[in-house]
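A.B. asks: As they're listed, the protein sequences go chains V, G, S and Z. Residues 1 to 137 (my numbering) make up the first sequence, in order. Residues 1 to 137 (my numbering) make up the second sequence, in order. Residues 1 to 137 (my numbering) make up the third sequence, in order. Residues 1 to 137 (my numbering) make up the fourth sequence, in order.
Each hint should be verified, as a subset may be incorrect.
Stated by the list, open to error - Taking CB as the label site, the calculated pair distances span:
#1 54(V) with 82(Z): 22 to 30 Å
#2 54(S) with 111(G): 50 to 58 Å
#3 103(G) with 85(S): 35 to 43 Å
#4 88(V) with 21(Z): 20 to 28 Å
#5 82(Z) with 21(S): 52 to 60 Å
#6 4(Z) with 85(S): 30 to 38 Å
#7 111(Z) with 54(V): 54 to 62 Å
#8 113(S) with 17(Z): 46 to 54 Å
#9 111(G) with 103(V): 45 to 53 Å
#10 85(S) with 23(Z): 25 to 33 Å
Stated by the list, open to error - Think about it this way: if two alpha-carbon atoms lie no more than 25 Å apart in a straight line, the pair counts; the simulated BS3-like pairs of lysine-lysine are:
#11 88(Z) with 15(Z)
#12 107(Z) with 15(V)
#13 107(S) with 88(Z)
#14 88(V) with 88(G)
#15 107(V) with 88(G)
#16 88(Z) with 88(S)
#17 15(S) with 88(S)
#18 107(V) with 15(Z)
#19 107(Z) with 88(S)
In short, the hints are calculated from the structure, not lab data. Glycine included, C-beta positions come from ideal geometry on N, C-alpha and C.
There are 4 protein chains.
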Amino acid sequence: MTHATTTSMIETHPKGTTDVRVQELADCIAACFECAQACTACADACLAEEMVTDLRDCIRLNLDCADLCATTGNILSRRTGQNLTTVKAALEACRTACAECAAECEKHADMHEHCRVCAEACRRCEQACSDLLSVIG
Amino acid sequence: MTHATTTSMIETHPKGTTDVRVQELADCIAACFECAQACTACADACLAEEMVTDLRDCIRLNLDCADLCATTGNILSRRTGQNLTTVKAALEACRTACAECAAECEKHADMHEHCRVCAEACRRCEQACSDLLSVIG
Amino acid sequence: MTHATTTSMIETHPKGTTDVRVQELADCIAACFECAQACTACADACLAEEMVTDLRDCIRLNLDCADLCATTGNILSRRTGQNLTTVKAALEACRTACAECAAECEKHADMHEHCRVCAEACRRCEQACSDLLSVIG
Amino acid sequence: MTHATTTSMIETHPKGTTDVRVQELADCIAACFECAQACTACADACLAEEMVTDLRDCIRLNLDCADLCATTGNILSRRTGQNLTTVKAALEACRTACAECAAECEKHADMHEHCRVCAEACRRCEQACSDLLSVIG
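Chain V with its partners taken away, still in its complex shape (with noise of 0.2 Å):
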């Protein structure tokens, strides 16, 4: 996804954006789709590997985090009404799933490639729920 697309929407919402840190959505957004996406190709990955077997944890995990996070992306998208309760609760359930799964991914990151990468995915939208986390109070 472009960043620049999604602070765009941000930006020419009727809502404007003096309520929102604009910066902070517009990462969070895009750190959760990065992520769905990274555990959704890393599930495929480890399928595809030979020692597959000492993978089943990883893809578990894999597959409750893209799904958390690709409906963290969509929840923060909206920004019509109020919501705030859900939406915390939507960013610490994301915020638990990238945290479990990059454990994970990090024991064999050094034999994987794809779960490297897909721990660093995780990490940074870990980061990113938690900095969202802290300025919407």
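Given chain V, work out where chains G, S and Z should sit, using these hints.
C.D. replies: Here is chains G, S and Z on its own, set in the frame of chain V:
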């Protein structure tokens, strides 16, 4: 979704059913997808109402709730490996979204039948998430 | 998903039911979400099998089919405005994915019960998509 | 999504890159998720407009397009096994949805900046799907 299919998928999993409360799990998965579908349909029905301008909050909550319910239903459908921290976080986020969405839909349940039907699906899903959370401790 | 809720959501939509075959539509939506859930669960069950290396194709087809079924179920849940070209394209893609996934699952239905259950859900969804395509012509 | 991450995930897949056009694939995946996010955000922005009653068709097309783009991005992110028939069907459905949604957004691109940005993302995704379809033949 035929509830029976979900139950069969749990019972035929290689892990067996000794580690899981089949009924609570099948009920919660079914409730998640029922609620996801109802919320997607309710958002669309609200959009078609003459008084759509009064239903903006409802549509937004519907869409967020639909995303979280579908994601939680997917996560609960996986049992390979261990991912309890993420499962709990997803269930909590889903329960929160269902409660918020139900409360909004109930405000105009007298005027719009689809909001009444949707609110009931949300309340069932909220309860099913609570029930499952209480047994997976 | 309780089929009854889906039918209620169609019947309480502001557009009414004069323009739509309620039964075929509700059946197809229910079949899509039933199949999406079965495929998500089957991918996970295959992953947990000892002989997972023989089930890679099945897992991949399961995941693709699950995504298309969930998307088609969502698209069919919307009736505001007109989007018939997209609806048909989604139904055709969904039918294709269901047929491919069913054919693969049927290959090891004798050995893995979850593949048998999943194949049946895929065939039901394939048929429901065909039926709906034939009435919306 | 950082395009670089998607490219890395393709390059580090156990299958390698001899069987795939890395650039076209990475471009199409990125275009799918860019468009999915833009459509989700455009639906929400339209909903917040004073003249929302004139934007019902646009919102519905946005939501359908978002679902198909996300699903197609996921399917393209998988390369294990063979699923070419489904891949092509998804690409065709996605291209159709993007073309429909772009055409609608373009009608009010002069009045609503978010529709202009979204229409451009739809046209890029439509083109990327066409490009990928032409190379996977």
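A.B. asks: If a hint holds in the structure, say so; if it does not, say that too.
C.D. replies: Hint check results:
A hinted range of 22 to 30 Å holds for the C-beta pair residue 54(V) and residue 82(Z), which are about 24 Å apart. At about 56 Å, the beta-carbon gap between residue 54(S) and residue 111(G) stays in the expected band of 50 to 58 Å. Here the CB-CB span from residue 103(G) to residue 85(S) is close to 38 Å, well matched to the stated 35 to 43 Å. Taking the beta carbon of each, residue 88(V) and residue 21(Z) are about 42 Å apart, not inside 20 to 28 Å as hinted.
Between residue 82(Z) and residue 21(S) the C-beta distance comes to about 36 Å, which lies outside the given range of 52 to 60 Å. At about 35 Å, the beta-carbon gap between residue 4(Z) and residue 85(S) stays in the expected band of 30 to 38 Å. For the pair residue 111(Z) and residue 54(V), the supplied restraint of 54 to 62 Å holds, since their beta-carbon distance comes to about 56 Å. Range check, residue 113(S) to residue 17(Z): about 38 Å between beta-carbon atoms, so the 46 to 54 Å window is missed.
At about 49 Å, the beta-carbon gap between residue 111(G) and residue 103(V) stays in the expected band of 45 to 53 Å. Distance hint for residue 85(S) and residue 23(Z): a CB-CB separation of about 29 Å, consistent with the stated range 25 to 33 Å. Of the pairs offered as hints, the one joining residue 88(Z) and residue 15(Z) holds, with about 20 Å between alpha carbons and a cut-off of 25 Å not exceeded. With a C-alpha separation of about 22 Å, the suggested pairing of residue 107(Z) with residue 15(V) holds against the 25 Å cut-off.
For the hint pairing residue 107(S) with residue 88(Z), the CA-to-CA distance comes to about 23 Å; that is within 25 Å, so the pair holds. With a C-alpha separation of about 15 Å, the suggested pair residue 88(V) and residue 88(G) falls inside the 25 Å cut-off, and the hint holds. Under the criterion of a C-alpha separation no larger than 25 Å, the hint pairing residue 107(V) with residue 88(G) is consistent with the structure, at around 23 Å. The suggested pairing of residue 88(Z) with residue 88(S) holds, with an alpha-carbon distance near 15 Å, which does not exceed 25 Å.
With a C-alpha separation of about 20 Å, the suggested pair residue 15(S) and residue 88(S) falls inside the 25 Å cut-off, and the hint holds. Between residue 107(V) and residue 15(Z) the alpha-carbon distance is near 22 Å, which keeps this suggested pair within the 25 Å criterion. Note on residue 107(Z) and residue 88(S): the hinted pairing holds, with a Cα-Cα distance of about 23 Å set against a maximum of 25 Å.
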